[in-house]
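Just so you know, the sequences run in chain order A and B.
Mapping of the first sequence onto my numbering: position 281 corresponds to residue 272, and the numbering continues sequentially without gaps.
Quick note: to get my numbering, add 671 to the position in the second sequence (first position is 1).
Please keep in mind that the hints were generated in silico from the structure rather than gathered at the bench.
A few of these clues could be false.
If you want the footprint, here are the derived chain A segments under chain B, 3+ residues with CB under 8 Å [claimed, not checked]:
1) 199 to 206
2) 249 to 260
3) 264 to 278
Partial list, computed: chain A residues near chain B (C-beta under 7 Å) [claimed, not checked]:
4) Ile130
5) Ile131
6) Gly134
7) Leu296
8) Tyr298
9) Pro300
10) Val307
All C-beta atoms, glycine included, are put in the ideal place defined by N, C-alpha and C.
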Amino acid sequence: MGLIGFYLRKLFTLLRGEVLVLPSRTIVGLFVLIILGLPLITQDPYIIRIVVLTSIFAIFAASWDLLSGFTGQMNFGHALFFGVGAYASAMLNLHVHIPPWGSVPLGAIVAVLAGLLIGIPCLRLKHTYLALTTMAFPIILLGIVTALPNLTGGELGISGLQRFTNSILGGYYIHVITMLVLCFVMWKITDSNTGIIFHAIREDELAVKASGINTTRYKLLAFSLSGFFAGISGGLYAHYLRIAGPSTLEVSMSFTVVIWSIFGGIATIYGPIAGVFILFPLLEFVRFWPEYRTLIFAVVVLLILLYMPEGLIPWVRDKMEKECPRCKIRNVAVRKNCRVCTADLD
Amino acid sequence: MNILITGLITGSMLALLAIGFSLIFGVARIVNFAHTAFYMVAAYFIYSLSIKLGLNPVLSMLIAVIAVTLLGLLAYKFLIDPIREHEGAVLIATIALAMVLQEVTLLIFTGDYLSVKSLIEGYFSIGGNKIFYQQLLTFGVVLVILLLLWLLLMKTRLGLAIRSTAEDREVANLMGMNESRLAMITMGLSVCLAGFTGAVVVPLTVLTPFMWMEPLILMMAVIVLGGLGSIKGSFVAAYILGFAEALVVFLVPTGAFLKGSVALSIMIIVLLIRPEGLFGIAFEEER
């Protein structure tokens, strides 16, 4: 009993000392609480469906950020991983009868293989060449998929997949918790040593090479990690909608993920997630005027970018918090002196 | 014979688009995804001027090119120029711009397929194959435009300025060239080329608000294949891909689905052998 009380008090101190002192961390905590407690407020199937789809796309956008935001390998064909994940898990589920909890990770591994396959040749290219070349791969695959209707269902796609569970609430928690866990894992990766090397490769690859680090290996690692997470999101998407269609490979899919991520702010992981959670539901809720939907989406993105070219989330964060000039720890913007080293802020 | 004609026409269109795209990329390092959207807008301008208002087709083409150039300059001034320092932001700003243009056209003209009459009717036949005069005219006009562009780039002071800025922005700036004004002029030139492409292609295709997607992908392939910033490379690569596409469509049974795939596969195979493209120069790493 005393032990439990001790851990509870420790948790409480940690919460007060590390989480509640910064508005951004408080918001992340609130977000997790709200998204876990949402079914208590409403069980409207439509809202549940939107949140589930948003979570799936949040994994997808964060995985793009891991590769393109952190490592700087601009990938304009990220739909490849999503589509390969979706199609692979759909085929495994339908033809080999592997249940969803097995076919989704297996599909993600197939997506990793696809990532390695395109990563090895693409690493000879840089910057814009890389961006334009990666854009080609999902289109090539899309052509092959539509040309082989026996295996892939052609333009109709593979339908009639199993779901994880048939209950709405169970499905909601499976997807949302997967999203939270995977995004936390991605954030941890970018925070680790590997993440620092990824960041360094983006800033100055030559300097990283000169420090005796095999950059090719790390870039391939980024390709496969990103492919794995995107593949999982593709598989989840296919099983949730019970169909894997050519739309998962389209150019607009690759573009949308770039828009979400840059809108939210790249090289942050939480930026793209926030971008998806703002833009995707927004797009759903303006369905009253279906003809203006894409127009509103594009105009919102254009306007936000004009005023916050770094992305929305870094802008908001810089308004709420400032960095201590001496010890580089973040503080609430209203404080006069740093919460750790008491140096004068600004 | 059909293969030859289709290849020539597709190749010419891609060459014009790709050269315009690589001009603005070379000078201002802007990857303009809205490039082919301007081509779509030009085609719609011509449609509404010549069919709806009943103007002379040639006159309406000229007006359309000028109008699209102005539109491009305005878009550059107000949407792209303020955020040019942020590469990623520029990328999605141009994508969003393309989406705005697409949606506005969709609202005004609906998604119906539209078409514009040829400038000259009729055809002649060689060995049982019809060759429309319009196809010859399009090809001729493309060659003339390319020749003019080549003269502009190689023989005038403006061309010299554009080429030198493309080669090294900082040094060109130090040599007293107004880099931002040059970027503006190049943007105008590039959009103008996209407008001309729209003008020469419009009698041969059907118009839809989504017609910018497919040439966009192929245009990228052409540019990568030919080498970024190399005009000769874009020219050669455009015809290679144009013919490859035509060959696949006419010779392979399910070719219509595969035409994009084959063109892009060629691009990737060439890149594996020569990472800087057919005519590209291996750039020193920019830091």
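Verification of the supplied hints:
For the segment 199 to 206 of chain A, the stated coverage by chain B is not satisfied: 0 residues place a CB nearer than 8 Å to a CB of that chain, which falls below the threshold of 3. By the rule of at least three residues with a Cβ nearer than 8 Å to a Cβ of chain B, the coverage given for the segment 249 to 260 of chain A holds, with 5 such residues. Counting residues of the segment 264 to 278 of chain A whose CB lies closer than 8 Å to any CB of chain B gives 0, so the stated coverage by that chain is violated, three being the minimum. Residue-level restraint check for Ile130/A holds (minimum Cβ-Cβ distance to chain B is 5 Å; threshold 7 Å).
About 4 Å separates the beta-carbon of Ile131/A from the nearest beta-carbon of chain B, less than 7 Å, and the hint is met. The interface hint given for Gly134/A is met, as the beta carbon of that residue sits about 3 Å from the closest beta carbon of chain B, less than 7 Å. Hint on Leu296/A holds. Least Cβ distance to chain B is approximately 5 Å, under the 7 Å limit. For Tyr298/A, the suggested interface contact is broken, since its CB lies about 9 Å from the closest CB of chain B, more than 7 Å.
The interface hint given for Pro300/A is met, as the beta carbon of that residue sits about 4 Å from the closest beta carbon of chain B, less than 7 Å. The interface hint given for Val307/A is broken, as the beta carbon of that residue sits about 16 Å from the closest beta carbon of chain B, more than 7 Å.
Figure legend: structure checked against the earlier numbered hints; hints not met, in rising order: 1, 3, 8 and 10.
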